[in-house]
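When you get a sec, could you build the whole thing from the sequences and use the hints?
Position one of the sequence shown corresponds to residue 1 (the working numbering), numbered consecutively onward.
I should point out that these hints are in silico values taken from the structure, not numbers from a laboratory.
Just to be clear, a hint being listed does not mean it is correct.
[Stated by the list, open to error] Heads up, simulated EDC-like pairs for lysine to aspartate or glutamate below, C-alpha to C-alpha not over 16 angstroms straight-line:
(1) Lys191 <-> Asp278
(2) Lys191 <-> Glu285
(3) Lys188 <-> Glu285
(4) Lys188 <-> Asp278
(5) Lys147 <-> Asp278
Just so it is clear, the structure is predicted and the values come from calculations on it, not from any experiment.
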Amino acid sequence: MMAERSRARGRDRDAHKLRSYDDWDERQYRRSSRHSRSTQLTNSSTPYWDPPRSGEPPPDYSQDLPNNVTYYEEVSCPRYYCRKLNFACTRRGILHLVQIGLSVLTLSCAVASLSASPGYRSYAELGSMLYYSLGYAYSGFKGEDAKRLNRLDQEYRALKIPAVNITLGIMLGAAALSFTFLLLGMCKIDKRAPGWLPVEAIICGILALGLVPALAFYLKYNAETVYDSNVCRERAAMLASRNYQSLCNLNATEIVAAIVAIILAIAYALGAVVAVKDFRVAMQEYQKKKQQQEEERRQMELAQNAPIERPSRNCNAAYV
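See below:
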């Protein structure tokens, strides 16, 4: 009698559990359906799962996550800025560094050609020992000859200043533009705004083509206006009378400046070509990313319009 009563109570308890589990599944199903519609996931609905029972491991939902999940890694400041500096190792970064170095070298050679014959008043504050250490002292000239040579040196320097000033402006502008391109490359401008790359290519092409007439003007001006003038010939004759050497032709620093300027023009031409190639690659990546976004949007629309079907379940099968 007692055994029958205990079995009856057990059956009532099992039936009560089944009813409670069925009600809990119904609430969980409705909640998951509302959640799938509000979050607009690619899946049609949150997968159905049985309530946890004692002794069973928790369910694994790693396979039910959407495919377009992006994971972000926390990066420290030194690693972040080191990644920014990686642009200096790319083709465009190396070309920009070369352009900056060649611009500074061309400017240095042009200024050195101006200071090769500075004139008597340029070293007045430095004392006469610097004259003798450079081998360019006026020890053989006295009185009116020294004043005349001083005047010729100043006129000779004034003739060379315009070409040096033009070279100074062009080279400083070119170096500033190359440095700007380098900073923009470190900021990933090709990925954020690919339309900047054609502008960079056009500027590099203009600089490459503009350096050729600028170099021709520099050499022609020095050869005709400076070294073919009466001031240069008279100055060279006075220095030759005291065994000083002064030639009225292009010196070594001006020739080196011309050679470096030619290499700089080639570097800017290569920079324009590389910028065009990088623009093509950036546009291909942009089109691919746009297609992926359109495909994901289409899948989301299909998932929103698809009817939600209630999965079939058999709670009694778990207790058989």
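Hints, verified against the model:
no., hint, verdict
1, Lys191 <-> Asp278, "holds (10 angstroms)"
2, Lys191 <-> Glu285, "holds (9 angstroms)"
3, Lys188 <-> Glu285, "holds (14 angstroms)"
4, Lys188 <-> Asp278, "holds (12 angstroms)"
5, Lys147 <-> Asp278, "violated (61 angstroms)"
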